[in-house]
Amino acid sequence: MAKFFPALTEEHRAFIAKQPVFFVATTAEGARINLSPKGMDTFRVLDDRAVAYLDVIGSGNETNAHLLADGRITVMFCAFDQPALIFRIYGRGRAVLPQDAEWSALHPLFPALPGTRQIFVVAIDEVQTSCGWGVPQMALVRERETLNKYNAKYTPETLLADWQSEGARSIDGLPTRLPAALP
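In short: position in the sequence shown from 1, add 1068, done, that's our numbering.
Source of the hints: derived by calculation from the structure; they are not laboratory data. Honestly, I wouldn't trust all of these hints.
List time: in silico SDA-like cross-link candidates among lysine to any residue, alpha-carbon distance up to 25 Å [claimed, not checked]:
id, residue 1, residue 2
1, K1221, H1175
2, K1106, P1204
3, K1086, A1070
4, K1217, A1096
5, K1217, P1182
6, K1221, P1105
7, K1086, A1236
8, K1071, Q1087
9, K1217, P1151
10, K1086, D1138
11, K1106, H1080
12, K1217, S1198
13, K1217, P1105
14, K1086, M1108
15, K1221, A1236
16, K1106, T1223
17, K1086, Q1205
18, K1071, F1148
19, K1217, F1073
20, K1221, D1149
21, K1071, S1198
22, K1106, D1230
23, K1217, G1202
24, K1086, R1212
25, K1106, P1151
26, K1106, C1199
27, K1071, D1230
28, K1217, L1242
29, K1106, F1073
30, K1071, G1159
31, K1217, H1175
32, K1221, Q1205
33, K1086, E1097
Given these sequences and hints, build the entire structure.
Written out as structure tokens, the structure reads:
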């Protein structure tokens, strides 16, 4: 049975801290629903009503475009161990870029990863737990290093130039907000 909460509890925080992967879903009117898996120790609880995650250059920038157009975001965690649980955060999100005033306070909360481009901050509207009994039990073998290795081959200037030419629009043609420089 699903249960809803107006904010994060200590139990929710402990559950989030144990999860090696989370999923982010966004959309905008007329656009595809974007659902992305995330990992690499990039999620942080800011307080009981706000969370954030670090985003690195990869494929696309749909979340940025969707949040500019619509603002709604859902973050989901699944327990792949015991006990089974699915945990969702419903909220309104926004991108914080290196040129933004908040960057200097948020960026030190995360690991230094090559290709870092933005931090998404989510103001929580509501959180939900549900059973998760249909999710298989699995074990984490290790983090993948592929994205870090790929981004480490380039200078921040090269990554930024590529990103400014390829990341200015979503796959549905929505505009994105780009970093002026990469950290």
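inquiry  = Need the list of violated hint numbers for this structure, in ascending order.
reply    = Structure breaks hints 4, 7, 9, 10, 12, 19, 20, 23, 27, 28, 32 and 33.
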